[in-house]
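Protein chains: 4
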Amino acid sequence: MTPTTETHGYSTNKDPLIKRLRRIEGQVRGIEGMVDSDRYCIDILTQISAVQAALDKVALGLLTDHAEHCVIGASEDDRPEKTQELMTAVARLMRRG
Amino acid sequence: MTPTTETHGYSTNKDPLIKRLRRIEGQVRGIEGMVDSDRYCIDILTQISAVQAALDKVALGLLTDHAEHCVIGASEDDRPEKTQELMTAVARLMRRG
Amino acid sequence: MTPTTETHGYSTNKDPLIKRLRRIEGQVRGIEGMVDSDRYCIDILTQISAVQAALDKVALGLLTDHAEHCVIGASEDDRPEKTQELMTAVARLMRRG
Amino acid sequence: MTPTTETHGYSTNKDPLIKRLRRIEGQVRGIEGMVDSDRYCIDILTQISAVQAALDKVALGLLTDHAEHCVIGASEDDRPEKTQELMTAVARLMRRG
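Protein sequence lines correspond, in order, to chains Z, A, C and G.
One gets the numbering used here by counting positions in the first sequence from 1 and adding 2 to each.
One gets the numbering used here by counting positions in the second sequence from 1 and adding 2 to each.
One gets the numbering used here by counting positions in the third sequence from 1 and adding 2 to each.
One gets the numbering used here by counting positions in the fourth sequence from 1 and adding 2 to each.
The following block holds chain Z by itself, in its conformation from the complex (with noise of 0.2 Å):
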């Protein structure tokens, strides 16, 4: 568990990424909406790489802020380890989970 109380690389535009998160929240709504219709799996699989390609965005822009601010912005001796855990993350976003 990491301590909520510091600011982060996101902190000045948090309003925008939840705004982002919410519509993203919306889009699945959506594909139950279509599941639930019955509407035709291909359309349903569309959305789905909609859904996927928002959440890639949404994951790159906190990448970039976390890179600016908590990696760059970190003393000498955390940054290695900083920087370790970004590239984790990296890893993680390509395998995707």
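Since the hints were derived computationally from the structure, they do not count as laboratory data.
Take the hints with a grain of salt, since some may be wrong.
[As the list claims (entries may be wrong)] Taking lysine to aspartate or glutamate pairs in the DMTMM-like style, the calculated list, with each CA pair at most 20 Å apart, reads:
1) K16(Z) / D40(A)
2) K59(G) / E34(C)
3) K59(Z) / E83(A)
4) K59(C) / E27(G)
5) K21(C) / E27(G)
6) K16(C) / D38(G)
7) K84(Z) / D45(A)
8) K59(Z) / E70(Z)
9) K84(G) / D40(C)
10) K16(Z) / D45(A)
11) K21(Z) / D38(A)
12) K21(G) / D17(C)
13) K84(Z) / D40(G)
14) K84(A) / D40(Z)
15) K59(A) / E34(Z)
16) K21(G) / D67(C)
17) K84(C) / D45(G)
18) K16(C) / E34(G)
19) K59(C) / E27(C)
20) K59(C) / D67(G)
21) K59(G) / D67(Z)
22) K21(A) / E34(Z)
23) K16(A) / D40(Z)
24) K16(C) / E70(C)
25) K21(Z) / E27(A)
26) K21(C) / D40(G)
27) K84(C) / E70(A)
28) K84(G) / E70(Z)
29) K59(Z) / E83(G)
30) K59(C) / E83(A)
31) K59(C) / D80(G)
32) K84(A) / D67(C)
33) K84(Z) / D17(G)
34) K21(G) / E34(C)
35) K84(Z) / D67(Z)
Nothing here was measured: the structure is a model prediction, and the numbers come from that model.
Dock chains A, C and G against chain Z, hints included.
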């Protein structure tokens, strides 16, 4: 646009599918909460990767149902087009959107 | 292990397929040369992305040939297993290995 | 174009990097052989996934070296641009090309 009256590959397990999508919707809402309470960027990225992995699973399930039901079940004449459509969906999922 | 005597989905266009793979092999060799001559990391990464995209295209072509030829051409009894096998390959490509 | 005289993040482990790329080149050549000897499509796809995974590993290694060396080592003025460049490379790897 595709007609919505016919049955689809996923028709027999609509309920578990909707349940899984609802869980994913909840995960996205959880990420909003993490941003709102200033959680550590890397922890948020881990959650985004988890949502991507869950969406990949849903997509693979839909692809399989579609292949088994709509592609193989298609008339000989429609099959090449259906197969092409399936592969376009696979390509989109590989590139993510 | 699978017998190698039967014809496969890609049999009719083996030559262009081998040509594409040979080009990919050359691209990888080009990357070795870039490392050897101390080229800029980001330029090397761009080339790696290009190879990945080229491999994705080859994979999609093989998947399509396989779906059209081996899955649809299978006996009714073998088809569920063949479809499952196809989807396992898709899953592996989506997660990349 | 980027000058090639400066040292890079990967300079200290050029030999193992070239060795890994040579192995990947050999894997691609192996896939050509599989096509040539009419091996089963799914077995070929499995090998393609293996090459993709190997390339991802090389890419992650390069990204880490680059982050540690070129981004963090950059002057304060150059760092935002270097970080942006790194993230563009990550985005390309996530979408694969």
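Checking against the hints above, which ones are violated?
Result: hints 3, 12, 13, 16, 20, 21, 31, 33 break, sorted rising.
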